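Student: Now for the letters of each chain:
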Amino acid sequence: MNKKYDVLIVGAGIIGSAIAYFLSKEKIKVGVIEKGNIGEETSSACDGLVFLQSKKPGISLKLALESIHILKQLQDEFERDIEYEQKGGLVIINSEIEKKALSQKVKEHQTIGLDVQLLDTKETLEIEPFLSKEILGSTFCQLDGAINSIALTLAFAETAIKNGVNFYPSTEIENFIYENNHIIGITSTKQEQYFADKIVLATGIYSNKLLSKINIQLPMKPRRGQVIITEPIAPLLNHALLSGRYLAAKLYPEILQDLTDPLNKMGIGLVIEQTKSGNLLMGSTREFVGENKEITFQGIEYILKHTTSIIPSLKDINIIRTFSGLRPYTVDGLPIISKLIPYDNLFIAAGHEGDGITLSAITGKLIKQMVLEEKLNYNIEELNYKRFL
Amino acid sequence: MSSEQDDIIICRCNEVSIKEIREAIKNGARTVRDVKRRTRAGMGLCQGRTCGKTVARIIANELKIPIEEVEMDTQRIPVRPVKIKNFSSKEVSDE
Numbered sequence: 004m005n006k007k008y009d010v011l012i013v014g015a016g017i018i019g020s021a022i023a024y025f026l027s028k029e030k031i032k033v034g035v036i037e038k039g040n041i042g043e044e045t046s047s048a049c050d051g052l053v054f055l056q057s058k059k060p061g062i063s064l065k066l067a068l069e070s071i072h073i074l075k076q077l078q079d080e081f082e083r084d085i086e087y088e089q090k091g092g093l094v095i096i097n098s099e100i101e102k103k104a105l106s107q108k109v110k111e112h113q114t115i116g117l118d119v120q121l122l123d124t125k126e127t128l129e130i131e132p133f134l135s136k137e138i139l140g141s142t143f144c145q146l147d148g149a150i151n152s153i154a155l156t157l158a159f160a161e162t163a164i165k166n167g168v169n170f171y172p173s174t175e176i177e178n179f180i181y182e183n184n185h186i187i188g189i190t191s192t193k194q195e196q197y198f199a200d201k202i203v204l205a206t207g208i209y210s211n212k213l214l215s216k217i218n219i220q221l222p223m224k225p226r227r228g229q230v231i232i233t234e235p236i237a238p239l240l241n242h243a244l245l246s247g248r249y250l251a252a253k254l255y256p257e258i259l260q261d262l263t264d265p266l267n268k269m270g271i272g273l274v275i276e277q278t279k280s281g282n283l284l285m286g287s288t289r290e291f292v293g294e295n296k297e298i299t300f301q302g303i304e305y306i307l308k309h310t311t312s313i314i315p316s317l318k319d320i321n322i323i324r325t326f327s328g329l330r331p332y333t334v335d336g337l338p339i340i341s342k343l344i345p346y347d348n349l350f351i352a353a354g355h356e357g358d359g360i361t362l363s364a365i366t367g368k369l370i371k372q373m374v375l376e377e378k379l380n381y382n383i384e385e386l387n388y389k390r391f392l
Numbered sequence: 003m004s005s006e007q008d009d010i011i012i013c014r015c016n017e018v019s020i021k022e023i024r025e026a027i028k029n030g031a032r033t034v035r036d037v038k039r040r041t042r043a044g045m046g047l048c049q050g051r052t053c054g055k056t057v058a059r060i061i062a063n064e065l066k067i068p069i070e071e072v073e074m075d076t077q078r079i080p081v082r083p084v085k086i087k088n089f090s091s092k093e094v095s096d097e
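Top to bottom, those sequences are chains A and B.
According to the numbering used here, the first sequence is numbered sequentially starting from 4.
According to the numbering used here, the second sequence is numbered sequentially starting from 3.
No lab work stands behind these hints, which were simulated from the structure alone.
Any given hint might turn out to be false.
Said to hold, decoys possible - According to the in silico footprint, chain A covers these stretches of chain B (three or more CB under 8 Å from chain A):
1. 25–31
2. 69–82
To be verified - If you want the footprint, here are the derived chain A segments under chain B, 3+ residues with CB under 8 Å:
3. 31–44
4. 150–162
5. 299–305
6. 309–323
Values in this document were obtained by computation on a predicted structure and should not be read as measured data.
Virtual Cβ for every residue (Gly too), placed ideally from N, Cα, C.
Just chain A, same shape as in the assembly (with noise of 0.2 Å):
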């Protein structure tokens, strides 16, 4: 069987998927090859947060808040529950430079229209009674919430298939086929070929082993995030939570320099989400070892000291799993949305790092109309590769 297709995507992740997706509802032909099955790595090994108050005012945010529109609708288009609950997130503030980094942060998000208000203690305590009193307060933002990152790449993946995209799983890149300089093709570890007009790569943290074939190298590496479930239990949490720790560093880098501070070392900046099955799912480290994805008895030890200190009651509640997955981290936080130029028919869309899923629906709809050199949404400039040359 001849394999040729207008589009071939390679990876099947969040994104592979989501850019699937939007391209099988185009009368094109598409083909995905993957070198596991679907969401097999990152995308099923991390939190499900889908978050604004995270985001940067600027094109990370415009971004963030158009795929969140999208996730809305395909709640109600895909058969699969994707679990999206737009529940409210709160950012908690555990010490005083916390509060001054993330009270300034707040009134940047107002300017520009973002609803994200500052609560104090008992603000907080009201409407997440079972965090500590200890707490200095928290921001909220209602448009925050999380989603099933597992159901939502299934559901991307399995809508493109009944939509008619060919899905190759156990297809791994073995190289580049060219003809006059111009790339044309792949050729699969099993060597076999697969033709297309334009290839897509979503290939994560792999991107860069696969960009050496043709001499690219991106600012990219992978960072390991360790994730914990505990047990089921009965409603606890009405927000989705994420620590102030982290948000507060990227305003004052010096919170993170303290290195004799464990929680530094390990990079940690705490999600707190209850899915809908009542498990919670706590993380995460942010660590770079490589690609090494073991779990650390000190990784876990010290994401729970820290869950625990924002709710204490949770200390008689049982841990089930431990999980770890590599993020695909770009030096200045933002994803790689672009034309592998000097090949004018080999894109890429990788290095979300942790806003693979928030940004999934975007980066799915962006890619499909580059691909089909429609006029884009949104002026993407910052986030094509050319920036690192």
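Dock chain B against the given chain A, drawing on the hints supplied.
Tutor: Frame of chain A; chain B shown alone:
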């Protein structure tokens, strides 16, 4: 494989039936983890320690491959449910 077997519960923790597991395999699941992501079988209190082997057997039967070729789930801590206070009540050690 009669239809009266359809309602048999394979994952007791999350009440996942053999029918749902077969459906997941029909839709592309090839490993125990694939089935877990699609159906939540093995995501409950016992973390697949009870049903993991059975799920592997169903995959082997459906795909007509030897059970040894079915990729099992990875095993990670904790090996059984552990109370959070066991981790967080003492001071965090540095190394």
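Student: If a hint holds in the structure, say so; if it doesn't, say that too.
Tutor: Okay, the hints, checked on the actual structure:
1. Coverage of the segment 25–31 of chain B by chain A holds [criterion: at least 3 residues with CB-CB distance below 8 Å; count 3].
2. With 3 residues having a Cβ less than 8 Å from any Cβ of chain A, the segment 69–82 of chain B passes the three-residue criterion, so the hint holds.
3. Here's how the segment 31–44 of chain A fares: 4 of its residues keep a CB closer than 8 Å to some CB of chain B, so the rule of at least three is met and the hint holds.
4. Coverage of the segment 150–162 of chain A by chain B holds [criterion: at least 3 residues with CB-CB distance below 8 Å; count 3].
5. Three residues within the 8 Å Cβ limit are the bar, and the segment 299–305 of chain A against chain B gives 5, so the coverage statement holds.
6. With a threshold of 8 Å between beta carbons, the proposed coverage of the segment 309–323 of chain A by chain B holds, since 9 of its residues qualify and at least three are required.
Against the hints set out earlier in the document, no violation occurs for any number.
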